[in-house]
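Participant: Okay, here's what each chain looks like letter by letter:
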Amino acid sequence: QKEVEQNSGPLSVPEGAIASLNCTYSDRGSQSFFWYRQYSGKSPELIMSIYSNGDKEDGRFTAQLNKASQYVSLLIRDSQPSDSATYLCAVTANAGGTSYGKLTFGQGTILTVHP
Amino acid sequence: SAVISQKPSRDICQRGTSLTIQCQVDSQVTMMFWYRQQPGQSLTLIATANQGSEATYESGFVIDKFPISRPNLTFSTLTVSNMSPEDSSIYLCSVKRTGVDEQYFGPGTRLTVT
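Sequences listed follow chains V and P, in order.
Sequential numbering of the first sequence, starting at 1, is according to my numbering.
Sequential numbering of the second sequence, starting at 1001, is according to my numbering.
Just chain P, with the same shape it has in the complex:
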């Protein structure tokens, strides 16, 4: 497995503002992903964070709303832009190494938008 940290662990934000969430891994990983878990729901993949290039977004998610960076093999950020109460969710990063199918999750960021 890997040791994954996320910052912040939780935040309360006002409508219309933006929040950047950081994900840090203790060793190099091949793939990093960002998921959203809305209240009482399962996890939905937002995008794959690609190192040195633009992220690959899933249907229903766009770069303007969820810009993602991955400057190296151990770090990624997800920004939730122009937030509305509907963005209130837990945001989770996950990581996967080359040759290993298992995927591990960070502790998550609990976002509340008022």
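Here chain V stands alone, though its shape is the one from the complex:
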């Protein structure tokens, strides 16, 4: 069974600190990796996507992917109280497979940034 595991939360960091969110996946056929942010009562919002090994930076967010270790992470620098949300890791396979486009989600990590 394809699984996506996220580090257990909740995670609490002070304002201005770096928040580190981790995710591992079991299916080596996974090719695309996403981080979604979900505020309470809202739908998931895509904040980062990564497809190749290494780092990808977008503003205060950095996604890191290591396919050999089947590991993807999200770093949030200079964390703000507005970053407080549930962060969902999701993976999917590439075109050509029966799993194309289907997202498998981790259980989510609740992040709280306190002033």
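It should be emphasised that the hints constitute simulated quantities derived from the structure, not laboratory data.
Take the hints with a grain of salt, since some may be wrong.
Stated by the list, open to error - Cβ-to-Cβ under 8 angstroms is the rule here; a few derived chain P residues that face chain V:
| no. | residue |
| --- | --- |
| 1 | 1031 |
| 2 | 1042 |
| 3 | 1043 |
| 4 | 1101 |
| 5 | 1107 |
| 6 | 1108 |
| 7 | 1112 |
In this text the structure is predicted, and so the values were computed from the model without any measurement.
Where is the CB? At the ideal position from N, CA and C, for every residue including glycine.
Guided by the hints, dock chain P onto chain V, whose structure is given.
Facilitator: Chain P only, in chain V's frame:
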């Protein structure tokens, strides 16, 4: 991204009844999906809505319980049939365009079954 709307945004329904949820996208998309998010849980894929053909259901979900239609490239419906309190969840549609791996979610439909 795409502008995605869902109707209704929330509903309270009685056991044994059915509810149809609509998902509308502002432009043509290749793939549309339906997910369920049970209280305090993550998202689980129900099915892929295929344009002009029967939906493809994931393990544990069946057409009789969750019939899905997709008459064109911008619209899909999910019906939750013969509801029980266990069906109380948020139902979300998502969309994906050709050549783009990113997938975007609608605002969701919060369903409570009493």
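Participant: Under 8 angstroms is the threshold here; is the Cβ of residue 1108/P close enough to any Cβ of chain V for the hint to stand?
Facilitator: 5 angstroms, holds
Participant: Is the interface hint for residue 1112/P satisfied, with its Cβ closer than 8 angstroms to some Cβ of chain V?
Facilitator: 14 angstroms, violated
Participant: Should the hint that residue 1031/P touches chain V count as held when the rule is a Cβ pair under 8 angstroms?
Facilitator: 5 angstroms, holds
Participant: Would the hint on residue 1043/P be counted as holding, given a Cβ-Cβ threshold of 8 angstroms to chain V?
Facilitator: Since the shortest Cβ distance to chain V is 5 angstroms, the answer is holds.
Participant: Holds or violated: is there a CB of chain V closer than 8 angstroms to the CB of residue 1101/P?
Facilitator: Cβ of residue 1101/P sits 4 angstroms from chain V, so the hint holds.
Participant: Holds or violated: residue 1042/P as interface residue toward chain V, Cβ cutoff 8 angstroms?
Facilitator: Constraint on residue 1042/P satisfied, holds at 5 angstroms.
Participant: Quick check on residue 1107/P please, does its C-beta sit within 8 angstroms of some C-beta on chain V?
Facilitator: 5 angstroms, holds
Going down the numbered hints, you'll see the structure goes against just number 7.
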